[in-house]
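Number of protein chains: 2
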Amino acid sequence: MKYGIAIFPSKTVQDQANALRKRYDTRYSLIPPHITLKYPFETNSEEIDEVVQELHKIAGSVDPFYIHINKVSTFEPVTNTIYLKIEPIEQLKTINEQLQQGIFENNQKHSFVPHITIAQDLEHDEFSDIVGRLKMEGFAIKDYIDRFQLLYELDNGSWTVYETFLLGKE
Amino acid sequence: MKYGIAIFPSKTVQDQANALRKRYDTRYSLIPPHITLKYPFETNSEEIDEVVQELHKIAGSVDPFYIHINKVSTFEPVTNTIYLKIEPIEQLKTINEQLQQGIFENNQKHSFVPHITIAQDLEHDEFSDIVGRLKMEGFAIKDYIDRFQLLYELDNGSWTVYETFLLGKE
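Chain order of the listed sequences is H and R. Under the numbering used here, the first residue of the first sequence carries the number 1, and numbering increases by one thereafter. Under the numbering used here, the first residue of the second sequence carries the number 1, and numbering increases by one thereafter.
As the list makes no split between identical chains, a pair holds if one copy fits it or if it spans any two.
In silico SDA-like pairs for lysine to any residue, Cα to Cα no more than 20 Å straight-line:
no., residue 1, residue 2
1, K169, G60
2, K11, L30
3, K11, G157
4, K11, D49
5, K2, Q16
The set of hints was computed from the structure by calculation and includes no laboratory data.
Throw the hints in and build the complete structure from the sequences for me.
Rendered as structure tokens:
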């Protein structure tokens, strides 16, 4: 089964992201707005208990924190994904690092860029228009993060939460 | 904010339900296949901690259990919703009852009928066709339930998981 690990920001931030995703993100209906901590990895039903135990440990070792979003950015020229850029913060980096070592395979192809995707798979002209507009708009979002989620993928490409992990508490 | 409480069955059962929901359920993209334990209720950010504490207690008081699904049924003439009928089982009834008392308002209009919705808002002719076909098909599903989820609704009508509660463990 394919699992992934992500943070859902607050409802306010999810609503704000969805207002854009609805029009511009082909994966809008498959998962709520999120910050990916670990990209999809295969785990079978025997190993999942060990994964869960390890995630409790990792969650317990990091206290809740605030994230800040001040602008949109893109992954071009690699992909034309547009995202809300999360300002670099030690706690996010720590969690992400711990999810690429020990019992976890390092399945991260690029350096960790925490973000919330708001658009992907756009035509080139549309991409330029949207990036231009959103860069002018500006963002000033502060959000409190106190948990992350282990999810699994269904056959239709959507994701269901398996378990929640509370930061600084386990 | 509007919260709800539900069980996600296993991936296998969710995939089976989604194969039908994709064509017949207008709410297909808003939430994964689920068994509703408590219908949507309003809670503010000050009260949510108390709700979470109470849910830990309730989850801890009920051991994991198996559900059995042997047929489809409908809520007609009240609505034309078609669902996978969960055979009555004490544990489900116990959890549901505890979610309608104490700090929880009883917001259940009808008696508790545990089910997984697979179709709703159908035209009458389509409804009759589908019910007829699915009743002939027959179902024999057994599924292990060891957790439930507290979710909140986003502005677009979709649901995000807030926290997971493990049965018999808290």
